[in-house]
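K.L.:
Sequence:
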Amino acid sequence: MVSVLNDPEEFPELSSLSYGRADPTRFRSSVFESQRRKVRRLAAACLGKLSLPALVTTSIEEVVWVEEWCLRRGVPCRVEKKAYPSAIVGDPVCFIRVG
Numbered sequence: 327m328v329s330v331l332n333d334p335e336e337f338p339e340l341s342s343l344s345y346g347r348a349d350p351t352r353f354r355s356s357v358f359e360s361q362r363r364k365v366r367r368l369a370a371a372c373l374g375k376l377s378l379p380a381l382v383t384t385s386i387e388e389v390v391w392v393e394e395w396c397l398r399r400g401v402p403c404r405v406e407k408k409a410y411p412s413a414i415v416g417d418p419v420c421f422i423r424v425g
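If you count the sequence shown from 1, you need to add 326 to reach the numbering used here.
To be clear, the hints were calculated from the coordinates, so they are not data collected in a lab.
Computed from a predicted structure; not experimentally measured.
Incorrect hints may appear among the rest.
As a list, the in silico DSBU-like pairs of lysine-lysine whose alpha-carbon atoms are at most 30 Å apart [said to hold, decoys possible]: (1) LYS375 <-> LYS407; (2) LYS408 <-> LYS364; (3) LYS407 <-> LYS364.
Pair ranges (Cβ atoms, derived) [said to hold, decoys possible]: (4) ARG366 <-> PRO411: 26 to 32 Å; (5) GLY416 <-> SER360: 18 to 24 Å; (6) LYS375 <-> ASP333: 17 to 23 Å.
Glycine residues also receive a C-beta, built at the ideal position from the N, C-alpha and C atoms.
Start from the sequences and build out the full structure, keeping to the hints where you can.
P.N.:
If you want it as structure tokens, here you go:
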């Protein structure tokens with residue numbers, strides 16, 4: 327799920343907040359709320375298909391969405407400490423052990 331849940335074109339408000347670029351004078355909280363609901367549904371649709379235990383690969387900015395999904399369902403998860411650069415843009419990618 328690398329860079330799916332924080333895509334700046336699909337989720338501009340959520341992405342700007344996730345990457346620390348949100349402008350407090352222009353941030354649209356109502357738009358963020360809508361985008362957050364969409365991301366939660368998208369994460370649930372993807373993660374709900376896992377056979378546990380599983381290994382999830384995602385960008386470090388998206389770890390919170392996997393952790394939240396696990397917490398809401400009582401599923402244990404552990405984020406591995408080491409991160410690896412993604413092949414195209416070099417974003418840090420990590421592994422999460424789920425279940």
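K.L.:
Determine for every hint whether it applies to the structure shown.
P.N.:
Hints versus structure:
no., hint, in the structure
1, LYS375 <-> LYS407, "holds (25 Å)"
2, LYS408 <-> LYS364, "holds (29 Å)"
3, LYS407 <-> LYS364, "holds (28 Å)"
4, ARG366 <-> PRO411: 26 to 32 Å, "holds (27 Å)"
5, GLY416 <-> SER360: 18 to 24 Å, "violated (30 Å)"
6, LYS375 <-> ASP333: 17 to 23 Å, "holds (20 Å)"
Violated hint: 5 only; the structure is consistent with all others.
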